[in-house]
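Given next are the chains, with one letter for each unit.
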Amino acid sequence: KAGVTQTPRYLIKTRGQQVTLSCSPISGHRSVSWYQQTPGQGLQFLFEYFSETQRNKGNFPGRFSGRQFSNSRSEMNVSTLELGDSALYLCASSLVRERATEAFFGQGTRLTVV
Amino acid sequence: GNSVTQMEGPVTLSEEAFLTINCTYTATGYPSLFWYVQYPGEGLQLLLKATKADDKGSNKGFEATYRKETTSFHLEKGSVQVSDSAVYFCALNPQAGTALIFGKGTTLSVSS
Numbered sequence: 001k002a003g004v005t006q007t008p009r010y011l012i013k014t015r016g017q018q019v020t021l022s023c024s025p026i027s028g029h030r031s032v033s034w035y036q037q038t039p040g041q042g043l044q045f046l047f048e049y050f051s052e053t054q055r056n057k058g059n060f061p062g063r064f065s066g067r068q069f070s071n072s073r074s075e076m077n078v079s080t081l082e083l084g085d086s087a088l089y090l091c092a093s094s095l096v097r098e099r100a101t102e103a104f105f106g107q108g109t110r111l112t113v114v
Numbered sequence: 001g002n003s004v005t006q007m008e009g010p011v012t013l014s015e016e017a018f019l020t021i022n023c024t025y026t027a028t029g030y031p032s033l034f035w036y037v038q039y040p041g042e043g044l045q046l047l048l049k050a051t052k053a054d055d056k057g058s059n060k061g062f063e064a065t066y067r068k069e070t071t072s073f074h075l076e077k078g079s080v081q082v083s084d085s086a087v088y089f090c091a092l093n094p095q096a097g098t099a100l101i102f103g104k105g106t107t108l109s110v111s112s
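Line order of the protein sequences matches chains A and B.
According to the numbering used here, the first sequence holds residues 1 to 114 in order.
According to the numbering used here, the second sequence holds residues 1 to 112 in order.
Hints in this document: simulated from the structure, not taken from any laboratory.
The structure presented is a predicted model; accordingly, all values stated were derived computationally and were not measured.
Possibly wrong hints are sitting among the right ones.
[To be verified] In silico DSBU-like pairs for lysine-lysine, Cα to Cα no more than 30 Å straight-line:
# : chain 1 : residue 1 : chain 2 : residue 2
1 : B       : Lys-104   : A       : Lys-57
2 : B       : Lys-52    : A       : Lys-57
3 : A       : Lys-13    : B       : Lys-104
4 : B       : Lys-52    : B       : Lys-77
5 : B       : Lys-68    : A       : Lys-57
Based on the sequences and whatever the hints tell you, model everything.
Right, here's the structure in full:
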């Protein structure tokens, strides 16, 4: 069974640009969450999608947005990139939207903003 | 608010040593608690979990007990191996849904 697939794996963008990252969850999984991982702040929750609806959002500015499609694939978008947005962005999928459900993580997209 | 505090690393041990990585949490209600592990070059994966007070999660020789009275979920292993070298993250799930609050991570390095 294929795992969580994130594309692209690496990205270099210029300050002020926007970027879209993609996540394909494990087949049959309906919940997708996004996280930002940086050396200083660690892993921080961005948002959670279930059945094409955002269910939870972390404490990030409005420049960070996402969506989920009917096939559960998800994208996140960051507009007006800042140097501080350089990070590893992780996507996780879960079978259902229950509190103790295991989250399966992708390898991440490494975004570098220059 | 909800938060997780875990001991700073790196933790350096010899093979077969005893491991403890401390984790304490702050949360309203009754969160579920997790340990995730990130091996070099791999993605995060669930190591173990506990969903209510006094539950013990265990996997691959690792154990952690959900202690509500001390708001802790310390990770232990009786005899570590070189292959246990990784970054360990304590996390909680405070509410309905799958959003996780992570600690900063503890790097474990085991030498033979």
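Checked hints:
1. B:Lys-104 - A:Lys-57: 20 Å, holds
2. B:Lys-52 - A:Lys-57: Status holds; Cα separation ~25 Å.
3. A:Lys-13 - B:Lys-104: 26 Å, holds
4. B:Lys-52 - B:Lys-77: Distance ~21 Å between B:Lys-52 and B:Lys-77 Cα, so the pair holds.
5. B:Lys-68 - A:Lys-57: 27 Å, holds
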